[in-house]
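2 protein chains.
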Amino acid sequence: MLRALQIMPVPGLPEIRPGDDLAGSIIEACSDSTGLADGDVLVVSQKVVSKAEGRLVEIDPEDPQAHKPLVVSESVRILRRRGDLIISETRHGFVCASAGVDRSNVEPNIAALLPEDADRSARRLRDAIRGRLGVDVAVIVADTFGRPWRRGLTDVAIGCAGIKPILDLRGTDDAIGRELQVTEVCIVDELAGAAELVRGKSTGIAVAMIRGVDPAWLGEGSVAEAIVRDPSEDLFR
Amino acid sequence: MLRALQIMPVPGLPEIRPGDDLAGSIIEACSDSTGLADGDVLVVSQKVVSKAEGRLVEIDPEDPQAHKPLVVSESVRILRRRGDLIISETRHGFVCASAGVDRSNVEPNIAALLPEDADRSARRLRDAIRGRLGVDVAVIVADTFGRPWRRGLTDVAIGCAGIKPILDLRGTDDAIGRELQVTEVCIVDELAGAAELVRGKSTGIAVAMIRGVDPAWLGEGSVAEAIVRDPSEDLFR
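Going down the list, the protein sequences come from chains A and B.
Our numbering applies: residue 1 is where the first sequence begins, and numbers increase by one.
Our numbering applies: residue 1 is where the second sequence begins, and numbers increase by one.
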């Protein structure tokens, strides 16, 4: 079955502060723009989730290195250093720069940490939206990570709810009837990247909505369980 | 400016054989479905480009290892091996499994190699479409690669034309006026991944069309020059 996807920015989210009702703000912003329907996928930036969950630490705004101790404490293992760049494995198992600690789109005296459990964050948003609107959406929490062999960064999923992170095609045939070699497609990372294209970095648009995904993709799943690769099966750590 | 993106599958491409007029087939398939307009982005699978360019090698269909010598000859450096898995750096500088040599969606006695220069492949398709239709589209040639720290595969750009591979936001402020920390977004990889979501692996749909991209993204650019990271600046090779 052929499906087109629509990727829509959701503007109008207010500045989010610790303890704010993020689900309520997202519902309101969506009702002003795209609306929400069963099967829609909401992609929410890590930054607003971290803000709502109070994952903020006060730092010296004058010191460009002030967030570095947080990078170390958020890491279980430093993998590489070059100049100011630290690539580490976070407590969640993500491999990224600065352990996801970020000073952009927050006040100068604040550093934002990654959510403690972004799958749980996604689940809570999904449950709150279902509870209040009776609408069954999938939620992806996205952050921007680098890649070792390729320049530039892309958005990937750090948490999800209501969608299978990986489409498992093992046992499926290709178009000419041979068994597929590429079998596990990380659809939540592709959806997170697609959402970034309409959110942008400098616009402050923290949410995008994707309409038209294959209903077969919806279901239970966790980024931590499905995507995070155990160091023991990793060839490059 | 807020933009929504539409990601549309382009069905109807015939089986492509060496020497076939791929641009003509794409034009025909698009005219039957989405049409083509200035600023559209066509994402074309590596497989049909390799077929049209005759990047096919005959192998013993009975031997599951028959493509292995090709993996070695397409590589400049083997980075890791585990069991049947070979991760290497290709002649193009891509780091991927099996040097991009692939036996799915080709006849059992055939292995497909990556295009010699996928930026050139993209440029030729773009030029042919402009020449015949007078329409200015961007073209991305996409393939499916794994990632070291994350399970599952995603589509990335191995060649492009008419679009800047990386959106360089250096010097741009975030939504609250601080300089952005994430500055280089690899939009062609995000577009390639978005296109994969509507193409799928088992449907044989080799082309997707993306409508609505920011005109500021259009322009000259090459994956080889902008994205392929030189081993000397790579921390994990």
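Among the hints, a few may not be true.
Claimed, not checked - Distance condition first, Cα-Cα at most 20 Å in a straight line; then the derived SDA-like pairs of lysine to any residue:
id : chain 1 : residue 1 : chain 2 : residue 2
1  : B       : Lys164    : A       : Gly93
2  : B       : Lys164    : A       : Arg151
3  : B       : Lys164    : A       : Lys68
4  : A       : Lys164    : B       : Lys68
5  : A       : Lys68     : A       : Arg81
6  : B       : Lys68     : B       : Glu116
7  : B       : Lys164    : B       : Arg120
8  : A       : Lys68     : A       : Gly93
9  : B       : Lys164    : B       : Trp217
10 : A       : Lys164    : B       : Lys164
11 : A       : Lys164    : B       : Gly200
Everything labelled a hint here was simulated from the structure, so no lab data went into it.
To see whether the hints hold, each was checked on the structure:
1. B:Lys164 with A:Gly93: violated (32 Å)
2. B:Lys164 with A:Arg151: holds (13 Å)
3. B:Lys164 with A:Lys68: Not OK: B:Lys164 and A:Lys68 at ~33 Å, beyond 20 Å, violated.
4. A:Lys164 with B:Lys68: violated (33 Å)
5. A:Lys68 with A:Arg81: holds (12 Å)
6. B:Lys68 with B:Glu116: holds (18 Å)
7. B:Lys164 with B:Arg120: holds (15 Å)
8. A:Lys68 with A:Gly93: holds (19 Å)
9. B:Lys164 with B:Trp217: Judged against 20 Å, a Cα distance of about 6 Å means the pair holds.
10. A:Lys164 with B:Lys164: violated (32 Å)
11. A:Lys164 with B:Gly200: Holds, at roughly 15 Å.
Hint compliance for this structure: hints 1, 3, 4 and 10 are not met, and every other hint is.
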